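Line order of the protein sequences matches chains A and B.
In this text, residue positions in the first sequence follow this note's numbering: the first is 1391, and each later residue adds one.
In this text, residue positions in the second sequence follow this note's numbering: the first is 77, and each later residue adds one.
Hints were generated in silico from the structure; no laboratory data involved.
Predicted, not measured: the structure shown is a model, and the values here were computed from it.
All C-beta atoms in this analysis are idealised placements derived from N, C-alpha and C, irrespective of residue type, glycine included.
Each hint should be verified, as a subset may be incorrect.
A few chain B residues that face chain A, going by a derived Cβ cut-off under 8 Å, partial list only [unchecked claim]: (1) 110; (2) 118; (3) 123; (4) 166.
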Amino acid sequence: SQQGEEDPQALSIQEGENATMNCSYKTSINNLQWYRQNSGRGLVHLILIRSNEREKHSGRLRVTLDTSKKSSSLLITASRAADTASYFCATVTNTGNQFYFGTGTSLTVIP
Amino acid sequence: SQTIHQWPATLVQPVGSPLSLECTVEGTSNPNLYWYRQAAGRGLQLLFYSVGIGQISSEVPQNLSASRPQDRQFILSSKKLLLSDSGFYLCAWSAHRGRYEQYFGPGTRLTVT
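For reference, chain B alone in the conformation it holds in the complex (with noise of 0.2 Å):
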């Protein structure tokens, strides 16, 4: 069966700092790969999806990045944090085409101070 992990769970980080949060995925191969950003009491803001390695696409210009090293591994980066990049971090594979559902990890609550 499939798993999707990401880390940290939890995450308090002073503005300026870099960010790298990682998501893996375990039992499919050549997954969709996505990042959201869900502030409190919101929905999902999609950031970056990737079909393949190396192939990154960004919904939104901001302050992040987002690579994928390796098929089954997704990482979204900063290399300043800002006040505004608080919120709580989604990962997500889908099978290759994305049109089928989504499986969601567990989530990074980042809080940025």
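For reference, chain A alone in the conformation it holds in the complex (with noise of 0.2 Å):
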């Protein structure tokens, strides 16, 4: 399977802390992005970061991409009640279309 992992599957903060999710993904790649998912609804995207970048930053999120060990880590700081969802990280492959979600992080900020 070409699907990738995001570790941890779970995570419980504080709001008001940082929260950090990584992903690893197995095939070369275009780009990685990350996207939200609200219980029960379709996902939203978050971020995108090319594979000839190393670092981006939206607002209260900072990706970084490791392509030698083919990983990505999202960190969301300043968590809020409201950043409650599960965040998936997906690839995009340089051959096709395709794009390959991970297995999520499902994260749960505490008021």
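The two chains are supplied separately, each in an independent frame; assemble them into the complex guided by the hints.
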């Protein structure tokens, strides 16, 4: 399977703390993306990082990419209760139009 | 602006019955279209993707099929549902060439009984 893996599977933190989740993948990629999913809903795109980039920021989000280790991390700073959701990484291959999603990290932010 | 529609939102079907889920996109042309399935508490499994009318690529051999009769319409079908077909089905689109972000529909919750 080309599906990636997120780590940890579940994360529970207090409001105001930072949340870090990791993603590992198996194949060469064109870019890697992070998505958020609230329970029972569709996914929402958060941020995209290209294979030639190492770090990217968007608001309270910081993404890093290490293509030599085939891994990425998503940092959410100063978390809020509204950040409670599942977070998925997705890789896009160079050879086609396929998106491969990881298994997800379930984040709970306690007010 | 672009919008993506999926219907129905929920569906309960008996084993052996047929299935048809529809997805339509508005506000863009020649999108890449995708069907995913998500089991409870799990990640997304790519089922089918399409880069144009009548062009369907299957990722996983299974009991399902997909068709794209129009540029912005993507249909997921089955002739006979299995219990293992239960799950949350998501349709998504991305810009052609597929190197950009995906936009997801609200999903269909399918329960096969």
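Cross-check of the supplied hints:
no.: 1; hint: 110; result: holds (7 Å)
no.: 2; hint: 118; result: holds (7 Å)
no.: 3; hint: 123; result: violated (11 Å)
no.: 4; hint: 166; result: holds (6 Å)
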